[in-house]
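Peer 1: As a plain string of letters, each chain reads:
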Amino acid sequence: AQTVTQSQPEMSVQEAETVTLSCTYDTSESDYYLFWYKQPPSRQMILVIRQEAYKQQNATENRFSVNFQKAAKSFSLKISDSQLGDAAMYFCAYRSARNTGTASKLTFGTGTRLQVTL
Amino acid sequence: GAVVSQHPSWVICKSGTSVKIECRSLDFQATTMFWYRQFPKQSLMLMATSNEGSKATYEQGVEKDKFLINHASLTLSTLTVTSAHPEDSSFYICSATGTGGVVQYFGPGTRLTVT
Numbered sequence: 001a002q003t004v005t006q007s008q009p010e011m012s013v014q015e016a017e018t019v020t021l022s023c024t025y026d027t028s029e030s031d032y033y034l035f036w037y038k039q040p041p042s043r044q045m046i047l048v049i050r051q052e053a054y055k056q057q058n059a060t061e062n063r064f065s066v067n068f069q070k071a072a073k074s075f076s077l078k079i080s081d082s083q084l085g086d087a088a089m090y091f092c093a094y095r096s097a098r099n100t101g102t103a104s105k106l107t108f109g110t111g112t113r114l115q116v117t118l
Numbered sequence: 001g002a003v004v005s006q007h008p009s010w011v012i013c014k015s016g017t018s019v020k021i022e023c024r025s026l027d028f029q030a031t032t033m034f035w036y037r038q039f040p041k042q043s044l045m046l047m048a049t050s051n052e053g054s055k056a057t058y059e060q061g062v063e064k065d066k067f068l069i070n071h072a073s074l075t076l077s078t079l080t081v082t083s084a085h086p087e088d089s090s091f092y093i094c095s096a097t098g099t100g101g102v103v104q105y106f107g108p109g110t111r112l113t114v115t
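The listed protein sequences correspond, in order, to chains A and B. Note that the first sequence covers residues 1 to 118 in our numbering. Note that the second sequence covers residues 1 to 115 in our numbering.
Only chain B is shown next, with the shape it has when bound in the complex (with noise of 0.2 Å):
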């Protein structure tokens, strides 16, 4: 149980459009949802939090009109990279937990690349 997946699992796409990826419990009711990147070699950088319903939470220095998160089931949450740039390139993965859960469940991550 407790199944988290993503897709695409690779994008390539040119810079100034847009590219979502979707995120989705198969098995469970994801009340929260948190998206990272990552870049080679580093740890997770964890960049938003979402509730099921609400606006998504930001961490500090993520830019949120660039980066738009909408969780609006309990099943699926997509993170949506507008006006890509190169600099946007990166690992990004998802996680979810459900109600009153502790532990979150991975995605098996989205690569991104802006040409």
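Okay, chain A solo, but in the shape it has when bound (with noise of 0.2 Å):
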């Protein structure tokens, strides 16, 4: 079974600061897919980012992009020029890249809670 591991529970940064986010997950599959969801206080899941295993490239979504490390078996995100409207709980997530059962589930993390300070 996979599992994903967030081992920051809180993380804290300044408005237009950067901020990382780590995320380790553990797998024996060689093609799978990779996230990041943003909870804000609303609880609404808002999907951040997307990295797909066989990709080599790091995934970029504007101020947000992804270290992604394959061996390593790490994911980490880095958020640039953080702003208010960041403060969120971040979970990062897997996917099996099979599509057969219920291989389409998403493994979370337990998440890490941002806060972007003044």
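Check each hint, because a few of them may be wrong.
Unchecked claim - The calculated lysine-lysine pairs, modelled on DSSO-like cross-linking and capped at a C-alpha distance of 30 Å, are:
{"hint": "1", "chain 1": "B", "residue 1": "LYS41", "chain 2": "A", "residue 2": "LYS78"}
{"hint": "2", "chain 1": "A", "residue 1": "LYS55", "chain 2": "A", "residue 2": "LYS78"}
{"hint": "3", "chain 1": "B", "residue 1": "LYS14", "chain 2": "B", "residue 2": "LYS41"}
{"hint": "4", "chain 1": "A", "residue 1": "LYS73", "chain 2": "B", "residue 2": "LYS41"}
Unchecked claim - Computed beta-carbon distance windows for the label pairs:
{"hint": "5", "chain 1": "B", "residue 1": "ASN70", "chain 2": "A", "residue 2": "SER28", "range": "42 to 48 Å"}
{"hint": "6", "chain 1": "B", "residue 1": "LEU76", "chain 2": "A", "residue 2": "ALA72", "range": "38 to 44 Å"}
{"hint": "7", "chain 1": "B", "residue 1": "LYS41", "chain 2": "A", "residue 2": "THR3", "range": "31 to 37 Å"}
Derived by calculation from the structure, the hints in this document are not laboratory data. Bear in mind the structure is a predicted one, so any value in this text is a computation, not a measurement. Heads up, the beta-carbon is just placed ideally off N, CA and C, and yes, glycines get one too.
Relying on the hints, combine the two individually framed chains into one complex.
Peer 2: What follows is the structure, encoded as structure tokens:
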């Protein structure tokens, strides 16, 4: 079974600064997807960024980028130029690339609460 | 695009009664839908996966007779909590993927309070 570990329960960053959230995972599969989801106080889960394991290039979405290290099974999220609206719970998630049965389900980490200060 | 709605957003019911939560994909056909439960300050716990027209697959430890899931159409799935008890009080979230889709799109969640 796959596991996802987020070792930072809480992080804090000043507005306009950069912060990196850590995520490691364990799997025996070679093809899979990784995601970062954001859950603000409204509790609506919002996709931040996704990474396909077969792609060596790190995904980027505006101020959000990842550092995907497949051999180390590490998938960190970097938020640049942090804004007050970035304050939320961030969840790292793993999905198998298989589409059979319940393989399409997400395995979530325990989350990192990000505070953004002025 | 890829909007998922849930109804109701908040429901209070008495112990022993049943409550139904709806999850709809508004602008795509949801071949697979997922139901999660989330306790305060915790991660999402997958309850079940359902494919349109098929019986749901429940995660270990989830009572299928208590949490009835129906995915009768490509845009609607329902979760019915039967004979609800205070320990069933929680935040329930659904998500959906389209055909061949990889990304799960989440609904806004439903807060259930059982008194």
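Peer 1: Is the straight-line distance between the alpha-carbon of LYS41/B and that of LYS78/A 30 Å or less?
Peer 2: Holds, at about 22 Å.
Peer 1: Could you check the hint for me, namely that LYS41/B and THR3/A are 31 to 37 Å apart, CB to CB?
Peer 2: Hint violated: Cβ distance 20 Å, outside 31 to 37 Å.
Peer 1: Would the pair LYS55/A and LYS78/A pass a check requiring their Cα atoms to be no farther apart than 30 Å?
Peer 2: Satisfied, since the Cα-Cα distance of roughly 18 Å is no more than 30 Å.
Peer 1: ASN70/B and SER28/A, beta-carbon distance inside 42 to 48 Å?
Peer 2: The hinted range 42 to 48 Å is violated for ASN70/B and SER28/A, with Cβ atoms some 34 Å apart.
Peer 1: Given the hint that LYS14/B pairs with LYS41/B, test it: the Cα-Cα distance must not exceed 30 Å.
Peer 2: 25 Å, holds
Peer 1: CB of LEU76/B to CB of ALA72/A, is that within 38 to 44 Å?
Peer 2: 42 Å, holds
Peer 1: So if I understand the rule, the pair passes when the alpha-carbon distance is 30 Å or less; does LYS73/A with LYS41/B pass?
Peer 2: The given pair, whose Cα atoms are some 26 Å apart, holds under the 30 Å limit.
The earlier numbered hints that this structure contradicts are 5, 7.
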